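J.: Chain by chain, the residues run as shown.
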Amino acid sequence: MKVLIIIILVISGYSISAQKDNSNIIKPRFGIELTTMKGNMLKGLLLQVNDTSLIIYPGKRKDWNKGEAFYPVVFGSSNVMEIKLKKQNGIVKGMLLGGSVGLSAILTTILLNNATAKSGSVNNVVIVVPAGIIGGAYMGSKSRKNFYINGNEKAFSEFQKQIK
Amino acid sequence: MKPCFKQLVHIKAICFLLAILLFKTEAAVAFNLTDSTVKPLKRINFVVSPKQKKFDQAPFSFQLQAKLTRLFHKDELYVIIVRNSEAMAEKIIKILKEKNAVIGHLWFDSHGHWQRRRSLFEIGEDEFNYMSIRDSAFTANLKKLAAYCDTNTNVGIGSCYGGATFTLPAIENFPAQRMNGDSLMIDLSKLLGNATVFACESFVMTGPGILNAGYALSGCPGRKKFKDPIYGPVWEKLGEWNCYSGKHEKFEEPVTVSLHQDGSIRFKEKNYLDFEKNKKKLSKKILALKRGNYNLASLYQKKPV
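As they're listed, the protein sequences go chains A and B. Taking our numbering, the leading residue of the first sequence gets 15, the next gets one more, and so forth. Taking our numbering, the leading residue of the second sequence gets 236, the next gets one more, and so forth.
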């Protein structure tokens with residue numbers, strides 16, 4: 015029994031320390047799709063934006079979560095044509111938003127009709143809510159902010175301000 | 236009655252010849268028993284494919300087709316699915332010893348990795364390129380197969396751009412770089428008993444009917460990332476295979492290669508781009524190439540050592 019308690023204590027101690035370590039790591043907020051002045055494209059995660067450059071992790075969020083340690087890539091503002099930013103969990107947020115919009119639409123119709131056509135409202139729930147979820151997920155996946163830089167320092171500093 | 240001098244000479248000559256014959260047969264028998272390097276004529280064909288940790292459509296399709304084909308060609312074709320070159324050499328040598336045979340055709344099914352900017356093929360985890368193929372310690376397992384190869388052995392590098400000779404254009408921070416597929420082919424040939432080596436300049440497809448002696452190995456991939464001008468040199472050489480003859484120590488005319496049901500590698504009479512419809516298809520694809528379709532992130536995905 016004592017051994018079991020010691021093992022549990024040791025394991026819990028490790029897990030607590032691991033949690034502490036994870037808390038120090040800052041998760042990148044945005045996914046980025048950068049187009050260079052030559053027209054090439056790089057997809058990754060935005061790590062940092064300085065006055066004249068930005069630093070990108072050249073991998074997916076899945077790679078980041080796995081702890082794949084790729085060298086970060088630095089792009090100077092003069093080499094940036096366009097930046098597309100994508101927020102984290104856009105799909106989930108879109109799904110929630112779409113679903114709630116669909117649900118609220120049904121609720122309002124029920125309230126307005128005073129529950130006269132109950133079977134119709136059930137059908138509506140089956141159709142409208144999933145449609146809202148799917149539509150929201152699609153919108154969430156597509157929603158992104160575009161910044162046209164064209165190697166211009168002013169446009170880049172505008173982008174920097176908006177990020178913060 | 237005593238034999239005359241002439242008869243004696245004849246008898247002696249016959250005895251001498253008999254003795255030589257006897258000695259030769261005994262020597263041959265002894266040689267066969269003691270020395271295993273005597274190569275019998277039986278030839279076996281092998282296709283080597285990587286064992287996957289995660290599901291990957293391309294090797295899965297190849298392995299499935301190869302295994303199905305093997306059901307009808309059990310004597311000639313063997314499918315070797317391994318994690319590294321050591322396991323491959325062990326498996327192949329075991330089969331060859333059992334069957335008392337040598338390698339007829341050897342096909343390496345592998346991915347090509349564009350982002351590494353060099354011609355290569357992989358046997359499971361082991362990557363062979365123009366540099367690593369010269370590392371005697373690294374190629375020790377591959378070298379073990381040399382005893383079962385000769386100038387009549389055909390080796391196929393089944394990875395995309397495995398025999399590419401073009402120079403990749405410079406892109407962003409990366410300078411122009413030659414693929415050096417020809418060096419890889421020459422060194423592989425030397426490693427495997429001066430065998431004939433086939434490798435492709437362009438994409439190697441894994442669609443249905445790979446082992447049906449058709450043009451299934453050549454074709455246009457559909458993924459968006461390939462429709463970028465950085466793949467331009469690859470598109471221009473669609474269905475073009477280089478052939479290095481170790482016997483003659485030179486490169487032959489480029490051909491289009493096909494795999495037959497017994498696993499043998501042969502080339503087609505007409506090249507892939509000799510067909511008008513393929514030419515038209517290719518010109519359409521080249522016109523539709525658009526910068527920005529390829530994600531440069533894969534070029535930067537290098538881990539700190």
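Think of the hints as simulated: they come from the structure by calculation, not from any bench. Remember, it's a predicted structure, so these values are computed and weren't measured experimentally. Take the hints with a grain of salt, since some may be wrong.
Not everything, but these chain B residues come out facing chain A in the computed CB check (under 10 Å) [as the list claims (entries may be wrong)]:
1) Thr402
2) Glu407
3) Pro464
4) Ile465
5) His495
6) Ser518
7) Ile521
8) Lys525
9) Ala532
10) Ser533
11) Leu534
12) Tyr535
Glycine residues also receive a C-beta, built at the ideal position from the N, C-alpha and C atoms.
J.: So, for every hint listed, does it hold in this structure?
T.: Tested hints:
no.	hint	in the structure
1	Thr402	violated, 18 Å
2	Glu407	holds, 6 Å
3	Pro464	holds, 9 Å
4	Ile465	holds, 8 Å
5	His495	violated, 41 Å
6	Ser518	violated, 22 Å
7	Ile521	violated, 17 Å
8	Lys525	holds, 9 Å
9	Ala532	holds, 4 Å
10	Ser533	holds, 8 Å
11	Leu534	holds, 8 Å
12	Tyr535	holds, 4 Å
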